[in-house]
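Engineer: In case you want the letters, here they are:
There are 4 protein chains.
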Amino acid sequence: MPETVEIGLGREARRGYHLDEIALVPTRRTRGSSVVSTSWQIDAHTFELPLVAAPSDAVVSPSTALEIEALGGLAVLNGEGLWARYEDPAEAFAQVCQDGGCSTAQLQRIYSQPVSDELLAQRIADLRASGVRVAVRLSPQHTAALSPAVLKAGADILVIQGTIISAEHVASAHAADEALNLKTFIAELDIPVIVGGCTNYQTALHLMRTGAAGVIVGYGAYSGSTTHAALGIEVPMATAIADAAAARRSYLDETGGRYVHLIAYGDIANGGDIAKALVCGADAVMLGEPLAAAAEAPGQGYYWDATASHPRLPRSELIDLGVAAEDRPQLREVLLGPTADASGERNLFGAVARVMGKCGYSSVKEFQKAELIVSSAR
Amino acid sequence: MPETVEIGLGREARRGYHLDEIALVPTRRTRGSSVVSTSWQIDAHTFELPLVAAPSDAVVSPSTALEIEALGGLAVLNGEGLWARYEDPAEAFAQVCQDGGCSTAQLQRIYSQPVSDELLAQRIADLRASGVRVAVRLSPQHTAALSPAVLKAGADILVIQGTIISAEHVASAHAADEALNLKTFIAELDIPVIVGGCTNYQTALHLMRTGAAGVIVGYGAYSGSTTHAALGIEVPMATAIADAAAARRSYLDETGGRYVHLIAYGDIANGGDIAKALVCGADAVMLGEPLAAAAEAPGQGYYWDATASHPRLPRSELIDLGVAAEDRPQLREVLLGPTADASGERNLFGAVARVMGKCGYSSVKEFQKAELIVSSAR
Amino acid sequence: MPETVEIGLGREARRGYHLDEIALVPTRRTRGSSVVSTSWQIDAHTFELPLVAAPSDAVVSPSTALEIEALGGLAVLNGEGLWARYEDPAEAFAQVCQDGGCSTAQLQRIYSQPVSDELLAQRIADLRASGVRVAVRLSPQHTAALSPAVLKAGADILVIQGTIISAEHVASAHAADEALNLKTFIAELDIPVIVGGCTNYQTALHLMRTGAAGVIVGYGAYSGSTTHAALGIEVPMATAIADAAAARRSYLDETGGRYVHLIAYGDIANGGDIAKALVCGADAVMLGEPLAAAAEAPGQGYYWDATASHPRLPRSELIDLGVAAEDRPQLREVLLGPTADASGERNLFGAVARVMGKCGYSSVKEFQKAELIVSSAR
Amino acid sequence: MPETVEIGLGREARRGYHLDEIALVPTRRTRGSSVVSTSWQIDAHTFELPLVAAPSDAVVSPSTALEIEALGGLAVLNGEGLWARYEDPAEAFAQVCQDGGCSTAQLQRIYSQPVSDELLAQRIADLRASGVRVAVRLSPQHTAALSPAVLKAGADILVIQGTIISAEHVASAHAADEALNLKTFIAELDIPVIVGGCTNYQTALHLMRTGAAGVIVGYGAYSGSTTHAALGIEVPMATAIADAAAARRSYLDETGGRYVHLIAYGDIANGGDIAKALVCGADAVMLGEPLAAAAEAPGQGYYWDATASHPRLPRSELIDLGVAAEDRPQLREVLLGPTADASGERNLFGAVARVMGKCGYSSVKEFQKAELIVSSAR
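Protein chains in written order, with my numbering: chain A, 1 to 378; chain B, 1001 to 1378; chain C, 2001 to 2378; chain D, 3001 to 3378.
Calculated directly from the structure, the hints in this document are not laboratory data. By construction, the Cβ of each residue, glycine as well, lies at the ideal position given by its N, Cα and C atoms. Watch out, some of these pointers could steer you wrong.
Stated by the list, open to error - Within a straight-line C-alpha distance of at most 30 Å, the following computed DSS-like cross-link-like pairs (lysine-lysine) qualify:
#1 Lys3369(D) - Lys2183(C)
#2 Lys183(A) - Lys1369(B)
#3 Lys365(A) - Lys183(A)
#4 Lys1183(B) - Lys1152(B)
#5 Lys2365(C) - Lys2183(C)
#6 Lys3183(D) - Lys3152(D)
#7 Lys183(A) - Lys152(A)
#8 Lys3183(D) - Lys3365(D)
#9 Lys1183(B) - Lys1365(B)
#10 Lys2152(C) - Lys2183(C)
#11 Lys3183(D) - Lys369(A)
#12 Lys1183(B) - Lys2369(C)
To be verified - Take a look, some chain A residues computed to stay more than 12 Å from chain B by CB distance:
#13 Arg15
#14 Leu66
#15 Ala105
#16 Ala308
#17 Pro314
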């Protein structure tokens, strides 16, 4: 039964746990890394790593998408980012990544340039031409308008992602129920759809019922996020992932075996966080900030996501990652190592393989059974 | 049943929760902001925002009262503040808001000037003349002496407010019971009365029984407060509000339907805190420090409240809000946005409307049913 | 039943609470300060304040003992401190309180000067001559040797105090049981004895059975204490006081009404801490560090206690209180106010009277029934 | 029953406790230090102190091994450290301990020099010639290759230690089960074997069943460790030790009386931590960082362990202990005092004897019964 507390007379609340409040407990047996596999398969697509690169302009560009695929992960291009707003986004990137990083007001202005579905289609076509699997993120608000161009251009995977979405959105007093739209929309597509973010059992279950191949848990909280301050929403990720895993079990039962993938997004900074997210029940992790420090990242040492440029209520800040240009590691070092950095922020998936071995498991799915301990964060 | 722990053999204590220990959990469905209303009605008065500006000289002056009303809130003038002590308070404000802020000793001296009921009546008359609804705060100790002038001058709402009050005050061994006085006093008035602050179920219930239209929960703890250090009193606001909401339910039952409004005051710094206070059961929030940073605020970049100038035992300190004069936002930006500040401290009620939508509720009263989660504060 | 947790398989531990984890909850009614009394009576001695000044050389000298008594408290002279080691301790004080404070090694050297029972007797005689009630502290180890001189010189109250003591000390394999000695020793005295410190129910009960008039709870933890680091001992004071209060109830029952006073010592920095210690069950508080900042204090802006000069294993450090000489308040301001300092560290007992009133109680004994709330420390 | 929480629907986790979340509670009686013994016996070896010096190159060299034995403890030489890689390791030490400490990349390079079993045998022979008991640590991976030379050279105790090991290691899909190897390997030896680290009941029990004389609990977490960040593994030591003590009881029962010693390693910084580890059930502690500050330590003011030089995934950093060369204490002061340092980091075992006395116990085995309290760390 979920742990609840009474915060006041007659008012109950769940107790949620953050990833940094839990840790893994190795037990029984250990395995060498050579008998461990971190591979991940969603729909017809197989990846060596359980990794989705977040649709942040600071991380995924057409060129890093190629490289992330080559290293074993899936990169998601933001269909409403700078590459879809500017024919040559170099100048926009230069402004964002100016010395010290641009202000929120500047970011709002730079992102006020309209999205062009022609430009977006061109980016997708270029990516396809280079032979990479193309995943594009659209916001729920603009999916209806932009998806035709995206689909026609040949995207392989569509990611419909807002900070917090539901399967049942009431846009206005008179509009038809968008939940039905989402379900209908996905049913008519030939490619797999990933939807999110969500934060609890019920929303996860309803999103699974839309026919999505994957559900994103969390809204990508990073060190610059201010969503808790602005909106009062916070997602203790260990609890949110475990709840969504419970929804996956319920949905498996009600469908007689349809498995929806969970992709954990937010409060994941290092290899340990990835491992813990997987053990809580995630099939893969979506990473933004941890990849932005790489030398190849378009963010040039800065990280921001779509919430940072919101025109009326920005809910995160562009942050300086604090790594000098000459010290930025290659993406390969960040993902696969080897590394001479002991922070836990590099060789992320080498670390995951190692801890899977220390816990005695040989696949990500088995690893979800590992033991957890709760302790006060150090 | 309330959560209690045994702190020692035979000694029990409730477990209280602060607003920053809880967070909202969006679930089921979402709504667009256009189908959300934040309006609030107390007695015959309707406001677009569930906002009461605190009776701090740093926030409410005759001119900001006009502006706060225009933006949709209710402003409370401190009937024992500088405007009631000085014919022209400009010099006093200049001393308080001197470079770096005045010392507690200076504050004590400035506030040692006696309150004039004539001056107070004049302020009220001027406000009425400008067409604004006039709310005035008096301390319980001076209500008997000052209220005749306040009422005669035509105040619309009377706020009887001390840091912590009760419905039953024993002033001396021989005095009559003031609880009866408060009840009698309110019964004889033609205008609605708001009383407080209180911190628990029982006091809230007793204050409701005085006939008050609204009860204030909390004593306005702000970043300069030292009440916990000085007196050992601390109000975990989530618990205090939820307990007072339980008292409201009890009182609704015993009166067959009289609804007393709860106004949360203290430890509210941003839009997220406001949302959480409403979900815990508040009908509106009283804001001091969050409004003091506005360009129009009389505090000129500083905030203090009545406890800061106490002549024998000051229990808070005047604080420098740390915003340069040229960076101070307009009150409109603070309350309604838009903003290019991602701290969560601006566009406060735009944020509330947005999170109400993300939780799927269309009115403040419904929003009180939203789900909460407890997690360790980040 | 005490709250226990299982820290590992088959290993249980009590959950203890610190004073800063709890807070007072005003409720029901309030009282004006004029109908509140903070007075305290132990044995035949009555004091206006529930205050014992700690036997630290930084706080109690013959001259401050006079002043503390005049202000309403009881001062305890350290019978093994500098006044008993040096005929003219001025030079020793000058070395201890040199600019920046002396080192632990210097402190060890200064306190290596032997205690003289003649000097000690002289100090007591001088104090008696000035008309003050004389309380002297001796360590358990030296009580046998030094108490004859102390008693002969006419001390009014004897304080037998080590950091942690028990009623049953085994000094060596062959020595007689000192527990009997302590009981026998006290039985033969004509003056009241206060003993301590202790940290739990059982030790408190056994110390009460020695015939002591008062028992000290805690070992005087202050901001320079390192006992937890050095020995692994820590006293969550709220729990320790409440447990000792349970022992007092047991002892009242087994003796048919003998009331032993509890004196809380440690982790008390301000008026709020004092109030909370009383509500947990203390009859009075022993204060060291909070008094050392006074202008009259012999510590001249520094604080240290007997554990800081231990010759082999010092367990605290002399600390600089960080108050410039010209800013040091008078003892009267520290204890009784008024003050223009909002830190909670001045007007300590004015604050206690005020919060007793806010909780509706008129005596310290009644105040022990006030409501408590547990919340995470801010 | 172990304390478990549900972190999400259907997902449980143990609650673990760190040493700094617990404290000792003196009770009943006290003892003088002269009637307390801290001695420890494992197999045929008796030591005055329950101390094992960790196999870190920063702590144990052939010369400090002599001194640690003389002071009453057991020193473990790292059989894969610099002394086994360099004929004259002085230059390697000079590089590691260069001003400011070397980088992780440099450490990786310095430790890339191969281990020589001849050099290792020579070190052991030299130590034996000086009359000291010789303990050598090998990693599980290299035990098979290096142990013949170690045994032939005459080591008295073999320590098989990795960060986290199990009794059942699967190295590759086709390899035979190493668990059998470990059991067989130990059965054939004539000298006692200590194995570890482990973190829970089950692994501890299985390691006991290999025939080891001692089991190490923990992986030596120190202030430079990043294992939690890198791998998501963290060991709340109080819980891990108590669980291993439960395994010891189970194993005593199933073997009819074979007692396996527990050696706690990690998160132990001062005398209080040692005392708490013993009370949780350890028979001795393994100390690295606390000894590295000594004047004699080969680390010259720096500390690192084997995880810091891992070639692909370093999981700790070499740290500067921050003690100037002229301020480094003698090993004797660190272990036995006296000291003029009040940090709790010196006179470690004098402190243990003192707190054993304050809790009323005369031997380490009895001390394991002392009372514990859980409180929030200060």
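Engineer: Now tell me, hint by hint, if it's right for this structure.
Structural biologist: Against the structure, the hints:
1. Lys3369(D) - Lys2183(C): holds, 28 Å
2. Lys183(A) - Lys1369(B): Holds: lysine 183(A) and lysine 1369(B) sit about 28 Å apart, inside 30 Å.
3. Lys365(A) - Lys183(A): The hint holds at about 27 Å.
4. Lys1183(B) - Lys1152(B): holds, 20 Å
5. Lys2365(C) - Lys2183(C): holds, 27 Å
6. Lys3183(D) - Lys3152(D): Given pair lysine 3183(D), lysine 3152(D) holds - Cα atoms ~20 Å apart, limit 30 Å.
7. Lys183(A) - Lys152(A): holds, 20 Å
8. Lys3183(D) - Lys3365(D): Measuring from Cα to Cα gives roughly 28 Å; hence the hint holds.
9. Lys1183(B) - Lys1365(B): Roughly 27 Å between the alpha carbons, so the hint for lysine 1183(B) and lysine 1365(B) holds.
10. Lys2152(C) - Lys2183(C): Holds. Lysine 2152(C) to lysine 2183(C) sits at ~20 Å (cutoff 30 Å).
11. Lys3183(D) - Lys369(A): With Cα atoms ~28 Å apart, lysine 3183(D) and lysine 369(A) stay inside 30 Å; holds.
12. Lys1183(B) - Lys2369(C): holds, 28 Å
13. Arg15: Given a closest Cβ separation of 5 Å, the condition is violated.
14. Leu66: At roughly 32 Å from the nearest Cβ of chain B, leucine 66(A) sits farther out than 12 Å, so the non-interface label holds.
15. Ala105: violated, 4 Å
16. Ala308: Its Cβ does come within 12 Å of chain B, the nearest being 7 Å, so this is violated.
17. Pro314: violated, 4 Å
Hint check: violations occur at hints 13, 15, 16, 17; the rest are consistent with the structure.
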